[in-house]
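Trainee: Listed below are the residues making up each chain.
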Amino acid sequence: MHEYAFFLGCIAPNRYPGCEASAIKTSEKVGIKLLPLKGASCCPAPGAFGSIDLNVWYAMAARNLVLAEEMKKDIALICNGCYKSIWEVNHILKHNDELRDQVNEVLAEIDMQFKGSIDVFHLAELYYNEEICGLQKIRDSVTTPLSGAKIACHYGCHLMKPQKERHFGDTENPMWFEELVSAIGAEPVQYRNKMQCCGAGGGVRGYDIVHSLDITNEKLINMREAGADAITELCPFCQLQFDRGQIEIKEKFGDVYNIPVLHFNELLGLAQGMSPQDLALDLHGINCTPFLKKVL
Amino acid sequence: MAAKTYNIPELDKKLADRRYHLSDSNPDFTKDVLKTSRTIANMCFQCGTCTGSCPSAPRSSYRIRLFMRRCVLGLENESLTDPDLWLCTTCYSCTDRCPRDIAPTDVIMAMRNLAFKRDIIPKNFLQTVQAIYKSGHGVPNNDVNRAARTKLGLDADPPTTHSYPEYIMGIQKILDHFGLKENADRILKGD
Ligand code: SF4
Ligand code: SF4
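Which chain is which? The protein sequence lines are V and F, in order.
If you're matching positions, the first sequence starts at 1 in the working numbering and goes up one per residue.
If you're matching positions, the second sequence starts at 1001 in the working numbering and goes up one per residue.
It should be emphasised that the hints constitute simulated quantities derived from the structure, not laboratory data.
Think about it this way: if two alpha-carbon atoms lie no more than 20 Å apart in a straight line, the pair counts; the simulated SDA-like pairs of lysine to any residue are:
{"id": "1", "chain 1": "F", "residue 1": "Lys1151", "chain 2": "V", "residue 2": "Gly285"}
{"id": "2", "chain 1": "F", "residue 1": "Lys1035", "chain 2": "V", "residue 2": "Asn96"}
{"id": "3", "chain 1": "V", "residue 1": "Lys25", "chain 2": "F", "residue 2": "Gly1153"}
{"id": "4", "chain 1": "F", "residue 1": "Lys1189", "chain 2": "V", "residue 2": "Gly206"}
{"id": "5", "chain 1": "V", "residue 1": "Lys33", "chain 2": "V", "residue 2": "Glu3"}
{"id": "6", "chain 1": "F", "residue 1": "Lys1173", "chain 2": "V", "residue 2": "Leu99"}
{"id": "7", "chain 1": "V", "residue 1": "Lys164", "chain 2": "F", "residue 2": "Pro1099"}
{"id": "8", "chain 1": "F", "residue 1": "Lys1035", "chain 2": "V", "residue 2": "His91"}
{"id": "9", "chain 1": "V", "residue 1": "Lys72", "chain 2": "F", "residue 2": "Pro1159"}
Bear in mind the structure is a predicted one, so any value in this text is a computation, not a measurement.
All chains, full assembly: derive it from the sequences and hints.
Mentor: Shown next, in the form of C-alpha cells:
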C-alpha cells in the first residue's frame, strides 16, 4: 500500500462528498491508502487569496503542508484549485530561500516550521503513474465497464498550467486523461477547444457570474456537439461550475444541456461497482439517472 | 461599436484618452509589479498572443495585452482602477503561449495585490477571507451535506478544521499577522 495524507479542500467534502468517498474507496482497490489530514483547512482558494495578498496565500498553504510534514506523508488531493495552492506553494518554498524564511517567520508564531520534506500529488497523476498504480491496475479494478458511454474530459487549468513549472507535458492537446477514461471502459470524445477554462477561477464566478457562465456555456456547446453523455473532470470547483452552472445557465440564458458532471473518482467508483447511492449522486444539480441507466 | 463605459465619468474620460501622459506614469509601479509577479513583464513586445488565448477577451472589454502595456509604461491608476482587472480567470493559457516566456497571469495577480493595498477589491474575495477566519473553510459544511456524508459512511464533518476546531486559532493568527481579517471587515463595512 502507498500511503498519502489526503488533503480534502472545501468543495469536495462540503458540497460533493461523493468525490471524497469515491476517492477513498477507489484508491484502496489499486493499492493507495488515503489517510485523514487532521486540522487541514481551505487550501486557501488561490483566486481569492492569491489576488488579495500572495504572502498570505503562501503562509496559509504552508500551514497545511506542515501538517502533512508532521505526519511524514506525501499529500494526495483531488482538486485542481488545491493543487495550485498546495503543490505550487510547496514548490516555490522549496526553491526560494528568501520566501521560505519569510513564511517561517509567520509560522513560528504558531510553533510551526516549513521544512520542504514532502511532495504533493493529484490522485489522478498517481493513478496514471506506472510506479504507483498505472492504467493496467485501473483496468483490472473495473467490474462494471462503462461501455458505450461517451465522455468529455475537462482537464481544468491549475493542474497542468503553467506548463513550464509543472511536469505534465503538453497543455495544448494532452491525452492522458482520455487514457484513464478508456481504461474504465468508456469512450472519451474529442471536442473543440478542449483545454479552455471552465470559467469559475480567479474569483470571476463570484465577481461576475454572467461572464463566468458565458465561458462555461461555450464549453458546454462544444461538448454537446461532440455527443458527450457526461462530463468528467479532476476538480470539484470545475464540477460545481459545470453542474450547478447548467442550472444557472438555464435560468440566465435559457440554454438547456442536461449533461451530468462526474468527478473522475465518481466515474471510477461506478466502474468498480459502487452504487449511485454510495456516491451521493442525488446531490448533483444535473440528474444523473438517464446516464446511469445507459451505462449500468 | 460603442466605446467601453463603466458609468464612472472620471474613469471613462481617462479611458477615452489614448495618449500617453508622462504625468500618469509611475516607474515604481512597473518595479513593484515585476517584483511581486516574479516574471519579466518588461520583455513584452505586444504581439497579442495572450489576448488571442484569453477566454475572457471575447466576452468583455478585458484585454490582457493592454494590462501588459500599462505595466511597462507604469500606468498605475489606469491598471488598478479598471474593473476589468478582475475578469482574469487565472487560466494560464496566455502564460503557456507567450512567445517571450512571460507569465501575464502573474502580472494580473501582482496588480490585484497592489489594488488591494488601496482597498480596491471585489466583495466576494473578502467574504472568503471572513469564512476562512471563522471556520477554516472558504466553503463551509451545511446540514444537507452533513446528512449526505453520514449516509455515505463518512463522518458528518470532514477531518479538517470542521472536526478539529482547535486548529482554527493558528489560522486566525496567520491572518491577523497580515491584518487581513481586520481589513476585510473594514472594507466590507464601508460598502
Ligand atoms: S503574448 Fe507575451 S509578448 Fe505577446 S503581448 Fe502578451 S505578454 Fe506580451
Ligand atoms: S490567465 Fe487570465 S489573462 Fe491569461 S488567458 Fe487566462 S483569463 Fe486571460
